[in-house]
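Which chain is which? The protein sequence lines are U and Y, in order. First residue of the first sequence: 27, per the working numbering; consecutive thereafter. First residue of the second sequence: 15, per the working numbering; consecutive thereafter.
Where hints are given, some of them may not hold.
Claimed, not checked - A short, non-exhaustive set of chain U residues, derived as facing chain Y with CB atoms under 7 Å:
#1 P222
#2 M224
#3 I258
Stated by the list, open to error - Okay, the calculated bits of chain U under chain Y, using three or more residues with CB under 8 Å as the criterion:
#4 100–111
#5 143–152
#6 177–190
#7 262–269
#8 341–349
To be clear, the hints were calculated from the coordinates, so they are not data collected in a lab. Note that this is a predicted model, so its numbers are computed, not measured. We put the beta carbon where it would ideally sit given N, CA and C, even for glycine.
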Amino acid sequence: MNARWLVHEFRAQPFRLDPLLFGLLMLLMGAGLFVLYSASGANMNMVGRQAIRLGIGIVLMVVASQIPPTWYRRWAPWIFLAGVSMLVAALFLGVGRGASRWLDLGFFRFQPSELMKIGVPLMLASWLHKKPLPPGFSNSLVCLGLIILPALLIAAQPDLGTSLLVTSGGAMVLFLSGIRWRWMLLGLSLTLAAAPLMWHVLHDYQRNRVLTFLNPESDPLGQGWNIIQSKIAVGTGGLNGRGWLDGSQSRLEFLPEPHTDFILAVLSEEFGFIGVAILMLLYALILLRGAYLASQARDLFGRMLGASLVFLFFVYLLVNAGMVSGVMPVVGVPLPLVSYGGTSAATLLAGFGIIMSLYSRRKMMKD
Amino acid sequence: MISSHHRWPANDRQARLTVERRIWQMIAVMLIALLALLTRFGQLQLGDHDTYAARAETNRVKLRAIAPNRGLIVDRHHRILAENQPAYRLIMVPERVADIDQALDDVERMIGLTDQQRERFELELLRNRRFQPVTIKSSLDDREVARLATDRHLLDGLEIEPYLIRHYPHGSALSHVVGYVARLDESDLKRLNRDNYRATSHTGKTGIERHYEGVLHGTAGFERVETNAQGRMVRVLQRSDPKPGRDLQLTLDLGLQLTALEALGNHPGAVVAQDIQTGEVLALVSKPGFDPNLFVNGIGHDDYRALLDSPYRPLFNRFLSGGYEPGSTIKPFIALAGLEAEKITPETRIFSSGRYRLPGHSREYRDWRAGGHGWVDLESALEQSVNIYFYDLASNLGIDRISRELALFGFGQPTGIDLPGEFDGVLPGRSWKRRTLNQAWFPGETVITGIGQGFIVVTPLQLAYAAAELAGHGLAAPPRLVELQKPARAVVHDADHWEAVFAGLRAVVHGSRGTARAIAAGLPVEIGGKTGTSQVFGRPQDDTQIESDDLPWFLRNHALFIGFAPIDDPRIAIAVVAEHGGGGSSVAAPVAAQVLAAALENGW
Chain U
27 MNARWLVHEF RAQPFRLDPL LFGLLMLLMG AGLFVLYSAS GANMNMVGRQ AIRLGIGIVL
87 MVVASQIPPT WYRRWAPWIF LAGVSMLVAA LFLGVGRGAS RWLDLGFFRF QPSELMKIGV
147 PLMLASWLHK KPLPPGFSNS LVCLGLIILP ALLIAAQPDL GTSLLVTSGG AMVLFLSGIR
207 WRWMLLGLSL TLAAAPLMWH VLHDYQRNRV LTFLNPESDP LGQGWNIIQS KIAVGTGGLN
267 GRGWLDGSQS RLEFLPEPHT DFILAVLSEE FGFIGVAILM LLYALILLRG AYLASQARDL
327 FGRMLGASLV FLFFVYLLVN AGMVSGVMPV VGVPLPLVSY GGTSAATLLA GFGIIMSLYS
387 RRKMMKD
Chain Y
15 MISSHHRWPA NDRQARLTVE RRIWQMIAVM LIALLALLTR FGQLQLGDHD TYAARAETNR
75 VKLRAIAPNR GLIVDRHHRI LAENQPAYRL IMVPERVADI DQALDDVERM IGLTDQQRER
135 FELELLRNRR FQPVTIKSSL DDREVARLAT DRHLLDGLEI EPYLIRHYPH GSALSHVVGY
195 VARLDESDLK RLNRDNYRAT SHTGKTGIER HYEGVLHGTA GFERVETNAQ GRMVRVLQRS
255 DPKPGRDLQL TLDLGLQLTA LEALGNHPGA VVAQDIQTGE VLALVSKPGF DPNLFVNGIG
315 HDDYRALLDS PYRPLFNRFL SGGYEPGSTI KPFIALAGLE AEKITPETRI FSSGRYRLPG
375 HSREYRDWRA GGHGWVDLES ALEQSVNIYF YDLASNLGID RISRELALFG FGQPTGIDLP
435 GEFDGVLPGR SWKRRTLNQA WFPGETVITG IGQGFIVVTP LQLAYAAAEL AGHGLAAPPR
495 LVELQKPARA VVHDADHWEA VFAGLRAVVH GSRGTARAIA AGLPVEIGGK TGTSQVFGRP
555 QDDTQIESDD LPWFLRNHAL FIGFAPIDDP RIAIAVVAEH GGGGSSVAAP VAAQVLAAAL
615 ENGW
């Protein structure tokens with residue numbers, strides 16, 4: 027990919043952004059900053075920093091949308107390989123509080139697991155691209171391996187949340203490839219059967235999270251605190267909410283991590299059920315638009331990749347909202363594009379950029 | 015299985031349709047999940063809203079109590095007996111101190127810390143939250159405050175805080191009347207209203223401080239405060255000010271109290287002086303006392319040990335809980351019973367040979383003067399405290415009549431003074447002995463009851479109240495320090511009978527042979543009185559008399575005196591007990607004389 031070629035690409039179709047999806051995403055991020063102002067305790071600095079991060083993410087999205095799908099397909103194995111190598115490196119050389127998630131590259135820190143959220147579906151889609159579909163037994167096994175290897179490396183960091191996201195993105199590609207429902211169900215039940223085995227591998231804090239999720243009131247001041255306070259914040263919002271900047275649960279610090287993982291609880295408390303419903307509607311529109319764009323991609327590689335990236339976005343939302351409302355265990359997954367933090371936003375926006383790239387070149391399809 | 019499955023080449027139309035279908039399935043799953051999530055939020059926000067809103071409110075709003083200022087205690091002339099003094103204490107906010115042990119060591123180097131203070135600090139540190147101040151040392155003196163102020167830069171997170179401390183300016187002089195406050199403990203909270211004491215650190219433990227706790231304490235104020243998750247106050251939502259405790263004026267006359275204390279000299283003992291018609295207690299002494307200020311901040315182990323181990327028992331409240339044989343001070347009451355029952359008249363004469371024997375019994379009862387007093391009538395029997403006269407009278411009256419008469423004067427019952435812990439005393443009788451000892455009453459026990467010995471036990475307060483009843487011809491008010499009682503006619507007797515007894519009691523002090531004639535010279539008016547001697551241990555009746563002076567101090571008899579003044583218009587009644595004083599005439603009567611003289615000089 028040299029500069030001349032990029033210029034050519036740009037001339038062919040300047041700004042391959044989907045205006046509708048782009049607008050919806052901007053709306054979501056704008057609303058997110060608005061809630062963040064309250065969740066951070068009216069900290070304008072924090073809102074500014076987040077705006078800059080989102081800006082970087084938008085730039086990434088624009089860049090990703092300009093890159094042709096064939097490039098992604100060709101480079102998929104190398105991206106995947108680089109990601110796995112960095113995961114291995116992170117295990118030994120990684121830095122971070124209690125978990126080796128970050129790789130210090132001297133000038134900046136990089137989280138290789140983040141790359142794999144896109145890297146795994148990308149690898150699978152490109153692997154299945156030339157194969158007969160639905161994939162045969164051996165191909166399915168290869169795919170399974172391509173999912174499990176990075177998932178285990180990430181779980182070992184330990185980062186259960188990201189591992190879950192990477193797995194679900196990869197599994198969605200397999201599902202989209204037409205693999206039989208019975209195989210999917212078999213895989214799911216095998217995972218469930220392995221759960222007791224997993225119990226021994228889990229770290230103490232992870233076990234505690236699961237136990238706390240099962241019975242939060244057993245330890246209301248310790249591990250259960252987060253879930254209880256989050257549910258109180260959501261419940262106290264009622265229909266209309268307590269009003270912007272007026273949520274006592276977040277303002278008085280009862281809510282843990284109000285600006286990151288539990289920002290949805292702040293929104294629920296201050297804007298009530300109406301606010302939650304509007305947010306869910308916005309998310310639904312983004313998912314629908316994303317899924318539509320993916321379904322219109324030029325080839326099956328594009329469709330599988332695009333749809334699985336949409337699904338990844340959905341899993342973020344499901345796990346976070348499930349945690350905040352107390353129906354899922356506390357797993358450190360942010361509310362997509364709303365929670366404070368730049369890393370996941372960058373990944374997700376890059377993902378949408380890829381989807382836009384896939385869609386914008388649908389007419390070049392030679393079939 | 016796989017091999018049987020039909021496959022399409024890549025990008026085949028069939029494959030394309032499959033992927034398309036799967037995308038639609040994915041969309042369906044996502045939308046259903048979103049609806050499920052929305053339902054869950056609806057359940058929390060609409061269905062259970064009230065529950066969670068209430069929980070958010072409990073999270074947010076805390077009630078914080080504000081302690082009221084304790085009422086002062088003053089004497090009848092408004093002299094302060096208990097006050098709230100501004101003081102300084104050194105406190106630490108743990109979260110602002112990097113190295114707590116180091117900080118404590120620094121403080122110890124500067125102003126000294128006892129192990130006890132360190133222990134109490136550690137305990138409080140564990141109980142409190144990190145931002146709540148913990149007391150390191152209370153009641154700092156000026157030198158300590160100055161020392162800490164100089165090195166303030168070393169003591170980050172430590173503060174010198176002003177507060178109010180209960181102070182008793184007259185120390186041991188009033189320790190048994192005013193009592194003291196000390197730190198609240200669990201047992202206090204069981205009898206007090208917890209809500210009203212949330213912010214209170216001290217409560218009355220003894221004396222007036224305890225009895226009038228409800229009046230002195232006041233009503234706690236409350237603040238509804240918004241707190242954050244760490245419990246730190248964010249703002250005050252609502253405030254109701256505390257209502258300070260009421261000041262309490264005692265009937266006590268501080269001057270007279272100090273006079274009585276001084277008059278007792280080195281003798282442990284008790285003095286009770288009361289107004290006859292109003293019941294106002296003017297002096298109320300239990301000697302020795304102790305410094306109540308020691309207890310306010312928690313008495314040190316050594317100080318407490320010293321108080322407990324002292325042979326003079328300074329912690330023992332003698333006027334309230336001390337039980338003494340009344341000895342001869344009982345005789346006026348026996349005389350009244352005799353007159354009323356017509357067993358004697360004022361003119362009845364009895365020969366005192368020095369010995370008395372019940373008909374048909376071999377046991378001999380002695381007079382205090384060997385050889386006796388010869389022929390005596392009632393007046394001289396009281397004047398000279400002739401035992402034989404009262405042995406005979408008591409024997410003629412019988413224990414039932416004696417008990418009934420003594421009960422009318424309040425013996426065997428608490429006076430009801432407004433202080434906690436009053437002792438009932440013992441008023442013996444047939445049913446009393448059956449009940450407590452399960453034994454029959456013996457005639458010999460009646461005989462010695464006639465001179466105030468045997469089972470009978472009285473408190474100095476009871477003696478003073480009985481003296482007041484006597485002086486008031488049966489009309490007197492029970493002793494009180496704050497809330498006065500109306501005088502009640504307890505005893506109704508023929509006026510001639512009162513006069514006959516009064517003649518004897520006048521002669522005790524002013525007669526030529528009176529047992530207390532030595533005090534007459536120091537008195538501004540004529541008074542009535544009766545001396546008494548209370549045995550410390552039961553001396554065998556047929557043993558040769560042992561002179562009190564030959565005994566070790568702690569085995570010597572107690573000296574007693576009851577009296578009232580002036581005898582022609584009695585206003586004040588008094589009772590004095592001087593422990594191990596020997597005889598009532600030589601030790602107790604002069605004490606009473608000094609107190610009565612001082613009271614009368616002050617216009618009483």
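Q | Hints the structure fails to honour | A | 1, 2, 4, 5 and 6
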